[in-house]
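Just so you know, the sequences run in chain order H and V. Per the working numbering: the first sequence = residues 1 to 333. Per the working numbering: the second sequence = residues 1 to 333.
Hints in this document: simulated from the structure, not taken from any laboratory. Among the hints, erroneous ones may be present.
Because identical chains cannot be distinguished in the list, a pair is counted as satisfied if it fits within a single copy or across any two copies.
Stated by the list, open to error - Straight-line alpha carbon distances no greater than 27 Å define the calculated DSSO-like cross-link-like pairs of lysine-lysine that follow: (1) Lys205 with Lys30; (2) Lys301 with Lys14; (3) Lys208 with Lys83; (4) Lys108 with Lys301; (5) Lys18 with Lys268; (6) Lys199 with Lys115; (7) Lys167 with Lys115; (8) Lys167 with Lys208; (9) Lys108 with Lys25; (10) Lys299 with Lys30; (11) Lys268 with Lys167; (12) Lys18 with Lys208; (13) Lys112 with Lys205; (14) Lys167 with Lys299.
Since we're looking at a predicted model, the values are computed, not measured.
Protein chains: 2
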Amino acid sequence: MSASVNRQVLLAEKPSGKLSPSHFKLVDGKVPEPKDGEVLLRTRLISLDAANRAWMQGATYRAAVEANTVMAGGSISEVVSSKAPGFTTGDLIFADTGWQDYAALPAKHLIKVPKIEPMSYLLSVYGIAGLTAYFGLLNVGQPKEGNTVVVSAAAGSVGSIVGQIAKIKGCRTVGIAGGAEKCKWLTSELGFDAAVDYKNTALFKELKAAAPNGIDVYFDNVGGDIFETCLFQMNNRGRIACCGAVSQYDGAPSATGPRGVPGLIVVKRLVVQGFIVTDFNAERDKALADLQSWVASGKLKVQEDIINGIENTPQALIGLLNGENRGKRMVRV
Amino acid sequence: MSASVNRQVLLAEKPSGKLSPSHFKLVDGKVPEPKDGEVLLRTRLISLDAANRAWMQGATYRAAVEANTVMAGGSISEVVSSKAPGFTTGDLIFADTGWQDYAALPAKHLIKVPKIEPMSYLLSVYGIAGLTAYFGLLNVGQPKEGNTVVVSAAAGSVGSIVGQIAKIKGCRTVGIAGGAEKCKWLTSELGFDAAVDYKNTALFKELKAAAPNGIDVYFDNVGGDIFETCLFQMNNRGRIACCGAVSQYDGAPSATGPRGVPGLIVVKRLVVQGFIVTDFNAERDKALADLQSWVASGKLKVQEDIINGIENTPQALIGLLNGENRGKRMVRV
């Protein structure tokens, strides 16, 4: 590839309904020149996350992504050249470079990451996915040994780690996922005690059978009907860790919310708590040390889903929103 | 009144829609004989609470009230005779005697209360209402000085105290209540900074004007549309103390919940927490000491709404559910 071309995927149009390839456009831009205090980065691995879709809808914990700009997204990148102290050629960086080959960003927006192999672990188990699972389950969900923990989108990047950490902590672990194949994988490969297929119409009943003592901690990635089903099966003083609401991202906003709010929250004295991973930056080192030791001992299996080619990024996100991935999805640029 | 007759209000029929007088029946029962370990109580003041209606719908934090039994309800009562150690004639008791002149109850279900004047304060500011306001606001809501605190059903028994405690703690305090008269009372008599009439159709806009910096703590007594409106105006890291959902009690259960759940809980990193007052029994003495000192210094005004005659108890509850009371409603027997 010529270093004079910067392939960029633009959000050509903000979607009002379901996301499709026509909302994106691949263009050849220029390789930017870093200004003083900036660093030029070469993108290596782009992270795909359900939240990418939410960013198109409006401001969340970040500004909305606007039409005709480079699609936003986190990536692992390499420093090409630096006009900022503390960064040198070859450093590995996590940053919101967006979906493009090259980005010039101010040093203060960059997080230096260690050179580990495989590099993809920096986006999966040691990246936002792993840390989100760790903090969301342990700090927000606060499970106790013997508790029943239920996680939705359980075969996804975060959910697959949540369930495994819950097992490590001695909990009964139930995953909710789409399709019999994913469910089988959760129990046979990842050690979940049970898995429930939400595409099965008897979700309430199946979940009741899988969590016969009720739910103590529900780690919610999806919102909507699954949130409601779990809410009705929560035990007194249970905790719901609200991580995402992927069922609500791709299409028109829901006209209604789940039933039982706030009535069941009162009666069962639940704590329903939203969080994002950066809320827990202060405890990052301890979390990474735990994750590394679990990976090293084989207690935590890392599942990744890597697609090649920046031109495939739009379809990779669309597929993720449709639930086709297993584990952390990313694009190698 | 003859001591041989025990007037009792029965729940004659479980309501499926709105509660009406026809769901109750006044009968003359017998004065019960206390067994060993029991105490015979003479009811003095019956507490009326929105939760009474919820108890008719099914099991909550207590068993459901069944048809053709004495309607459940807390009261302040006097010990007539005792077959239990530690209780003597004339002692004042808080217990779930139900709506009747006399009840014989096991000693373990009784809470001895001090003889204070007026006795009604044992049901209002020093009773469940005052303690619910205190713990719900301070322990669950955790407001900081300068925060904006919004409370719904603000002219009710709990809400009127929540707002005043929030003021004592240096918060901007906004009440939501039904009707211009109640709203005026909140600001002119109880010191709320602003009050918003929910019967005004422009609730979202009016609340925005009354809480221009957003809401840090929302004390929810009502659920439904008002919960939703507040949820959309919460600040990041805000807290919602879920105390009740009176908008949902009297009629068929809502087919849907408030929009924005759990999406806004994630994005704003909210804590939405249900509680009931007995969760905080361990801190009761400190709470009562605070409440007493605020009442003594005039910082906390006590508003009560006392109706005479046990035969008026059904209508008193129906009126409360329609929002006709100001402050703590009770019936003098």
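Structure-based check of each hint:
1. Proximity of Lys205 to Lys30 under the C-alpha cut-off of 27 Å is found in neither arrangement, the shortest distances being 56 Å within a copy and 46 Å between copies.
2. In this assembly of identical chains, Lys301 and Lys14 lie within 27 Å of each other by CA distance neither inside one copy nor across copies; the values are 37 Å within and 54 Å between.
3. Taking identical chains as interchangeable, the C-alpha atoms of Lys208 and Lys83 are never at most 27 Å apart, the minima being 58 Å within one chain and 45 Å between chains.
4. When the C-alpha separation of Lys108 and Lys301 is checked against a cutoff of 27 Å, the pair qualifies neither within a copy, at 33 Å, nor between copies, at 53 Å.
5. Proximity of Lys18 and Lys268 under a CA criterion of 27 Å is satisfied inter-copy only: 24 Å between copies versus 36 Å inside one chain copy.
6. In this assembly of identical chains, the alpha carbons of Lys199 and Lys115 never lie at most 27 Å apart, being 40 Å within a copy and 61 Å across copies at closest.
7. Proximity of Lys167 and Lys115 under a CA criterion of 27 Å is satisfied in neither setting, with 29 Å inside one chain copy and 54 Å between copies.
8. Taking the closest pair of Cα atoms, Lys167 and Lys208 come within 27 Å of each other only inside a single copy of the chain (19 Å); across copies the shortest separation is 45 Å, beyond that limit.
9. Taking the shortest Cα distances, Lys108 and Lys25 never come within 27 Å of each other, neither inside one copy (29 Å) nor across copies (72 Å).
10. For the identical chains of this complex, Lys299 and Lys30 are neighbours neither inside a copy (45 Å) nor across copies (67 Å), given an alpha-carbon limit of 27 Å.
11. For the homomeric pair Lys268 and Lys167, the shortest alpha-carbon distance inside one copy (25 Å) is at most 27 Å, but the shortest distance between copies (29 Å) is not.
12. In this homomeric assembly, Lys18 and Lys208 never come within 27 Å of each other (Cα to Cα): the closest approach is 32 Å inside a single copy and 32 Å across copies.
13. When the C-alpha separation of Lys112 and Lys205 is checked against a cutoff of 27 Å, the pair qualifies neither within a copy, at 47 Å, nor between copies, at 45 Å.
14. In this homomeric assembly, Lys167 and Lys299 come within 27 Å of each other (Cα to Cα) only inside a single copy, at 9 Å, whereas the closest approach across copies is 52 Å.
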